[in-house]
Amino acid sequence: MENSAVQKFSAERLKNISGENKGAIKVFFAAIISRLFLFVLAFAGMRLLGSARTLADIFPTAGDVPHYLYIAEHWYASSGEKANLIVFYPFFPICVAFFRLFFRSYIISAIIISYLSFGIAAAYFYKLLKLDYDDEKTAYGLAGLFAAVFGIFFISAHTESLFLMLTAMGLYYIRKKNWLAAGIVGFCAALTKTQGVLLFLPAVYEILVDAIKEKKFYKKSLFTLLVPLGFLCYLLLNYIYGGSFFKFVEYQAVAPWYNTSKWIADGLATSYATGISHFTLSMFIYWPQIIMYFIAVAAIFLGAKNKVRTSYLVFTGAYVGATYLQSWMLSGGRYISSCLTLYVIYASIENKLVKNIILLIEAVLCVAYAVLWMQGQAIM
Amino acid sequence: MGQFIGHMGGFFILAAAVMIVGMFFWESGIVKDKGSVAVAGKAAASAAAMGMVYYFFMAYLRNIFGGQTNFFDFGKIFTFFGLDKLLNLYQTPSFKESVSGLNMPLFIYALHFIGGLVFKQYAGTALFLNFLAAAGGAVCIGRIALELWGESASSRAVFAVLALPFAFALFTPGCFGIVFGLAACAAYALYKKKTVLYVILTIAAILTSKLGLLALLFLIPAKMSGVSEFVRKLPGLKAVKNPYIRIGTLLLVLAINGFVIMLTMGGAI
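Protein chains in written order, with numbering that gives the first Met the number 0: chain A, 0 to 379; chain B, 0 to 268.
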């Protein structure tokens, strides 16, 4: 009798697990289709608005893409005009160089990485949401991600998709207390973007809360130290190629970036002042990044009210805060769009009308900015 | 407008950070009693709200008395009580000046270090830390009053302290808020019979400002039962049935405070 109960429980559990994986696979394909749909819509929109740009004009030349492709092809340089490319983190170019072995083109490899990463990110995000929410909220969370305002960057040769995937995987493994996997994923995230190292904070939060509550410390949780180790490896690269652990800071402070670390208030004030004097640019860069900052911070309070897991709020707060510690920021909107935990907070909203309105605004802006990006406007 | 947006942005993210730290204490079980958490939250929120009112009133008055300036130009707003000199000291500390007047070196050097870490935002950091310390002090006073006289007396005690004339000084980038916070924590430690903690906090308060010596006053044995009975019998504003008297009293307290702030900002004090 007891054995049959155990068998029944195991069978049910197996069924649930395979159901969850089936769901994740469906989400993976849905995510890729959503990106293809956005691509077609944006390209058609661009053509209908009279632009004659071709794909070869659009993808390899956008923003920082040439720099990533250069690093993938030639790696970092210790001298010369390309020495300043050390400001870009290495994991994305490494992936591009690896995929290039199969696809024979750097730009195509980079775009394939973006599509695949977005699919995997969505699948892990689905699994993450399913840990706390019902089907409907999970679906809304995914829809929020698919309609991300600057979602066009999830199909371009930027780091956003890869980073999104690593964040989703990292948070999922942290929740599952699979510390080794969380450490490895976090290590890669810390080598992908500045914000990657911040995955350490939700891990530390979960570990500390458990340690204090249960008065136990799990040695395996020390694997999470791999996350800051990833950042240390990046600093080491700076030392090897630039002679200083913080060479990237020096390069960022001069042309063409002119960007230094400043308190949030200064960065926002500069954005506002520049936005006022540059009307067109303000629509693409400054207003979105100011508005999205306040929405993101308000979301932290909303998340606390809606009982979103606190470790997610820790990540959101650290991500938003660290992102805006810049004197002259141009990509705030893009960065906020890649903050995965904001979509968890969105999913937690109870009022469906509010959720639908937010989704509608997001989707309209997503397509609009995608078309503008294809046109070659200053969407960075 | 840009400065306003920027500083609001900075303030809100710091407020979110403080909230998350609070949630950590709650979730990890370090703080367990829901009722006392609510009282502490109320006291901290009251302090923050009063502080914001004082701050904007001071910034507004500076525009009247000192010519047009933006609401976050700390150097121009805080020119009273020697705060302008203190703001300079945070940037370039000198030991000789850090022990002159009411000053003591601990907070000055600590702020020089912390302000340097947060992108040389010395005045802003000092202001925020004073807000935080004043809120912490309000929580301690609320806790003592709660345990001595009950919940309604706790709110009254917090409000009474925050509405005292010159209470606005707690919300300036000097070290009044810090000393207040440390002294209130010392009082709470003494009340809880944690003598070592009381000694440490009192020393910290004295090393922050000579006003910290006031924390030694807590050692004078108070006739707590007599005080307790007196405070318990004091009617709260809510107990006054006539709304005119109730609102009038509140207005009177705030008007006196506003008058003191005006005299200070106008240079009469």
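Any given hint might turn out to be false.
Unchecked claim - Here are the simulated lysine-lysine pairs, DSS-like style, with alpha carbons at most 25 Å apart:
# : chain 1 : residue 1 : chain 2 : residue 2
1 : A       : LYS25     : A       : LYS304
2 : B       : LYS84     : B       : LYS95
3 : B       : LYS31     : A       : LYS214
4 : A       : LYS304    : B       : LYS31
It should be emphasised that the hints constitute simulated quantities derived from the structure, not laboratory data.
Taking the hints in turn, this is what the structure says about them:
For the hint linking A:LYS25 to A:LYS304, the alpha-carbon distance of about 31 Å lies beyond 25 Å, and the restraint is violated. Annotation: proposed proximity of B:LYS84 to B:LYS95 holds, straight-line Cα distance about 13 Å (limit 25 Å). Taking the CA atoms of B:LYS31 and A:LYS214, the gap is near 16 Å; set against the 25 Å cutoff, the hint holds. Straight-line distance between C-alpha atoms of A:LYS304 and B:LYS31 comes to about 19 Å, which keeps the hinted pair within the 25 Å bound.
Of the numbered hints listed earlier, the single one contradicted by the structure is hint 1.
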